[in-house]
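Let the hints inform the model, and build the full structure from the sequences given.
From first to last, the protein sequence lines are chains A and B.
Mind the numbering: the first sequence is residues 104 to 395 in the numbering used here, read in order.
Mind the numbering: the second sequence is residues 104 to 395 in the numbering used here, read in order.
What the hints contain is simulated information worked out from the structure, not anything from laboratory work.
Since the structure is predicted, the reported quantities are computational estimates derived from the model, not experimental observations.
Each hint can be trusted.
For identical chains, the list gives no copy identity; a pair is met inside one copy or between any two copies.
Calculated lysine to aspartate or glutamate pairs in the EDC-like style (CA-CA distance at most 16 angstroms, straight line):
1. Lys394 - Glu318
2. Lys349 - Asp374
3. Lys351 - Glu367
4. Lys105 - Glu274
Number of protein chains: 2
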Amino acid sequence: MKNLSELNYGIIGLGIMGGSIAKAIRTNILSDKSNGKIYAMDKNLESLYAATDSKIINKGFLPEDTKKMLSLCDFVFICLYPHATLDFLKNNSKNFKNDAIITDISGVKALLEKEYDSIKPQNADFIFGHPMAGGEKEGFSASKGEYFLNHNYILIPHSNNKPENLSLLRELITKMGFTKITETTSDDHDNKIGFTSQLCHVVASAMVESAENTEITSFGGGSFEDLTRIAMINAPLWTELFISNKEKLINHIENFKNQLSIMEELISKEDKENLTELLNDVRKKRIEMQKR
Amino acid sequence: MKNLSELNYGIIGLGIMGGSIAKAIRTNILSDKSNGKIYAMDKNLESLYAATDSKIINKGFLPEDTKKMLSLCDFVFICLYPHATLDFLKNNSKNFKNDAIITDISGVKALLEKEYDSIKPQNADFIFGHPMAGGEKEGFSASKGEYFLNHNYILIPHSNNKPENLSLLRELITKMGFTKITETTSDDHDNKIGFTSQLCHVVASAMVESAENTEITSFGGGSFEDLTRIAMINAPLWTELFISNKEKLINHIENFKNQLSIMEELISKEDKENLTELLNDVRKKRIEMQKR
Numbered sequence: 104m105k106n107l108s109e110l111n112y113g114i115i116g117l118g119i120m121g122g123s124i125a126k127a128i129r130t131n132i133l134s135d136k137s138n139g140k141i142y143a144m145d146k147n148l149e150s151l152y153a154a155t156d157s158k159i160i161n162k163g164f165l166p167e168d169t170k171k172m173l174s175l176c177d178f179v180f181i182c183l184y185p186h187a188t189l190d191f192l193k194n195n196s197k198n199f200k201n202d203a204i205i206t207d208i209s210g211v212k213a214l215l216e217k218e219y220d221s222i223k224p225q226n227a228d229f230i231f232g233h234p235m236a237g238g239e240k241e242g243f244s245a246s247k248g249e250y251f252l253n254h255n256y257i258l259i260p261h262s263n264n265k266p267e268n269l270s271l272l273r274e275l276i277t278k279m280g281f282t283k284i285t286e287t288t289s290d291d292h293d294n295k296i297g298f299t300s301q302l303c304h305v306v307a308s309a310m311v312e313s314a315e316n317t318e319i320t321s322f323g324g325g326s327f328e329d330l331t332r333i334a335m336i337n338a339p340l341w342t343e344l345f346i347s348n349k350e351k352l353i354n355h356i357e358n359f360k361n362q363l364s365i366m367e368e369l370i371s372k373e374d375k376e377n378l379t380e381l382l383n384d385v386r387k388k389r390i391e392m393q394k395r
Numbered sequence: 104m105k106n107l108s109e110l111n112y113g114i115i116g117l118g119i120m121g122g123s124i125a126k127a128i129r130t131n132i133l134s135d136k137s138n139g140k141i142y143a144m145d146k147n148l149e150s151l152y153a154a155t156d157s158k159i160i161n162k163g164f165l166p167e168d169t170k171k172m173l174s175l176c177d178f179v180f181i182c183l184y185p186h187a188t189l190d191f192l193k194n195n196s197k198n199f200k201n202d203a204i205i206t207d208i209s210g211v212k213a214l215l216e217k218e219y220d221s222i223k224p225q226n227a228d229f230i231f232g233h234p235m236a237g238g239e240k241e242g243f244s245a246s247k248g249e250y251f252l253n254h255n256y257i258l259i260p261h262s263n264n265k266p267e268n269l270s271l272l273r274e275l276i277t278k279m280g281f282t283k284i285t286e287t288t289s290d291d292h293d294n295k296i297g298f299t300s301q302l303c304h305v306v307a308s309a310m311v312e313s314a315e316n317t318e319i320t321s322f323g324g325g326s327f328e329d330l331t332r333i334a335m336i337n338a339p340l341w342t343e344l345f346i347s348n349k350e351k352l353i354n355h356i357e358n359f360k361n362q363l364s365i366m367e368e369l370i371s372k373e374d375k376e377n378l379t380e381l382l383n384d385v386r387k388k389r390i391e392m393q394k395r
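If you want it as structure tokens, here you go:
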């Protein structure tokens with residue numbers, strides 16, 4: 104089996120996610136003296152300079168030098184928006200190093216799944232992935248190597264993925280700090296992420312929209328603040344995610360609105376008994392989730 | 104003007120809020136050697152013992168000794184549920200020490216406002232208040248003196264409140280760690296708290312209810328967890344708060360559902376331009392709130 108510290112890593116897109124992956128690899132896998140190197144491609148020269156100056160990456164590449172960089176990389180993390188990930192794979196299917204392992208971080212998988220045959224690199228192994236970490240910050244300057252500690256990772260293996268490559272990716276992910284790796288299908292991923300991530304962003308955004316003004320936070324005690332932190336949202340990215348997963352997301356919004364209406368009716372009817380019972384169930388369910 | 108360290112404080116109900124108030128007074132206002140004392144009334148003997156053993160309070164009283172305790176207290180914090188607060192005031196209107204300052208922490212004020220004339224103590228000054236701090240924990244064991252650092256406090260002065268008493272309460276609140284004190288009316292309080300606090304608890308609860316099962320958190324990246332932490336809810340308390348403020352709360356739920364529907368339609372129509380614009384507005388509004 105390959106030794107992670109002997110490999111060269113390529114990061115496509117050095118934003119908060121790509122930057123954090125590079126830092127986690129530098130901290131946990133590659134020392135200055137390792138044979139393996141970290142390369143990154145980004146259109147933002149400033150990020151590339153910051154990452155080389157701080158010795159997070161060994162060398163930065165601009166988009167026009169992508170082919171050159173890919174020829175060096177045994178492990179490639181594509182850290183782009185969903186449609187850009189699709190385009191990148193289409194444009195570079197023949198540019199990967201022989202036997203390289205390619206993975207992505209896209210928050211919606213249907214796009215990639217639909218075009219799987221046309222994006223599958225012929226001489227490399229593309230394993231769909233999704234590190235479940237995010238925040239309201241953006242860019243390389245917001246990235247950090249400890250970002251992934253105790254977070255979840257989702258892998259979507261395909262029948263043609265080599266078992267040894269999947270094992271190596273799992274080893275790498277674990278060393279980066281992720282504690283729980285779940286394997287599933289693209290369809291199940293999109294459905295569950297539509298709930299845990301996308302619906303939450305819709306809800307937080309709708310909550311901020313329904314605030315009468317920004318002064319309302321003088322009346323805040325933490326609930327509103329915690330609930331809406333994710334509404335400091337990256338608008339173009341989330342527009343793309345919401346629309347790319349619209350059927351599943353709308354289904355979740357409808358279910359959620361139904362639950363709201365059930366509570367609303369109990370409140371309206373002053374049905375103390377059933378409202379208390381419902382809230383007790385909610386409490387138990389949420390505490391059970393906390394334990395996981 | 105009275106000196107805060109010379110006064111005796113009475114805490115009615117030594118749960119997480121009453122306990123935190125006692126601890127904040129002990130840490131920031133009364134040393135072991137101060138003339139002023141802290142007394143607490145609770146039906147839970149264990150909490151009273153824990154608070155006396157740790158020298159947070161000087162003496163504990165059971166409900167049957169309330170009258171005795173009140174006769175000693177210059178400052179009384181009623182830390183009970185809304186209806187219990189109302190009952191306590193009705194039953195003890197003649198038991199307060201002369202010129203005492205009485206305040207409450209009730210999350211809904213209409214109940215008290217409606218019966219103001221019947222609950223107003225004749226020889227003491229009752230000032231409506233609401234410390235804006237809360238959490239998913241309960242009981243004296245969860246209380247802490249630093250609980251209020253950088254939190255908001257709402258005061259609802261009435262025309263008969265003495266200005267010097269209001270000033271003294273503001274001084275006390277500030278020393279306890281609260282950084283922003285806002286004065287308003289009961290009606291405005293209930294409307295705004297209906298949004299920042301109650302609507303958030305309804306939304307978090309509905310979100311947990313709409314989760315297909317507790318295993319969904321394997322797919323969580325933090326958003327769902329942050330948004331639903333407050334769903335580890337104290338069911339009887341929040342049932343009472345929701346129903347006591349039902350008209351304003353239902354109005355907020357309706358507004359929120361409308362905002363959800365607006366977003367849902369943009370997603371459904373794949374209206375990227377307007378969805379991105381809306382999310383950009385949300386982001387700006389939320390960042391503006393963060394600055395406050």
